[in-house]
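All chains, please: the whole structure from these sequences, using the hints.
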Amino acid sequence: MDTQPAGGQHPRPTPRVVVGILRAVRGWLIAVTGGVLLFGCYLGVSAETDPGRQLPYFVSGGLGGLALVFLGSALLVADQIDAAAKGRGRLDRQVEELHTLIVAAASVPAPAVTTVTDQAAAGQDDGGLFAVPAGRTYHRRTCEMIASKPAQPVDSTQIAARGLTPCTICEPKIAA
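Quick note on this note's numbering: the sequence shown kicks off at 19 and runs consecutively.
It is worth saying that the hints were derived from the structure and are not from the lab. Don't take each hint at face value.
As the list claims (entries may be wrong) - Between beta-carbon pairs, the in silico distance windows are:
hint : residue 1 : residue 2 : range
1    : 162       : 126       : 31 to 41 Å
2    : 191       : 150       : 17 to 27 Å
3    : 105       : 43        : 50 to 60 Å
4    : 173       : 117       : 39 to 49 Å
5    : 82        : 121       : 56 to 66 Å
6    : 85        : 112       : 16 to 26 Å
7    : 117       : 184       : 41 to 51 Å
We put the beta carbon where it would ideally sit given N, CA and C, even for glycine.
The following block contains the structure:
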């Protein structure tokens with residue numbers, strides 16, 4: 019925040035919004051003043067036919083007006099660049115925080131999830147039944163439909179409670 023003295027008191031903070039508005043108004047005011055000078059130059063030059071009498075209008079209004087228009091435009095562009103730089107600084111901090119979180123998460127070991135494929139690779143089909151947590155069917159351990167999915171073992175009571183239907187590919191049988 020910018021500070022401004024308040025009549026002998028300690029400096030008090032000025033909100034950034036007010037400072038931003040004043041900076042934008044400053045740029046526009048200078049540019050409009052330059053435009054008014056250019057318009058005055060045009061009116062003065064157009065009223066005179068003698069080039070010797072047009073020169074003072076051109077020098078005072080034309081060059082001064084152009085200078086003010088360029089200065090006002092430069093101030094507006096500088097304000098936009100400053101605002102973009104501040105926004106980029108905030109974005110850089112957010113990216114750095116995200117990077118820190120990702121590195122911290124990567125350093126934590128992931129819990130070991132054994133999939134049915136790992137068990138099926140050993141050639142084990144002990145007649146156990148498996149189902150994916152959000153699935154609607156149950157399968158044999160070696161079924162390709164649940165390969166590399168986090169399937170969990172289910173028994174006949176869980177099958178009935180969840181309303182699971184048998185897979186049409188592996189055709190599992192519920193042990194009696």
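Do the hints match the structure? See the list:
{"no.": "1", "hint": "162 <-> 126: 31 to 41 Å", "verdict": "holds, 32 Å"}
{"no.": "2", "hint": "191 <-> 150: 17 to 27 Å", "verdict": "holds, 19 Å"}
{"no.": "3", "hint": "105 <-> 43: 50 to 60 Å", "verdict": "violated, 21 Å"}
{"no.": "4", "hint": "173 <-> 117: 39 to 49 Å", "verdict": "holds, 45 Å"}
{"no.": "5", "hint": "82 <-> 121: 56 to 66 Å", "verdict": "holds, 58 Å"}
{"no.": "6", "hint": "85 <-> 112: 16 to 26 Å", "verdict": "violated, 41 Å"}
{"no.": "7", "hint": "117 <-> 184: 41 to 51 Å", "verdict": "holds, 48 Å"}
Violation of the numbered hints given earlier is confined to hints 3 and 6; the remaining hints are satisfied by the structure.
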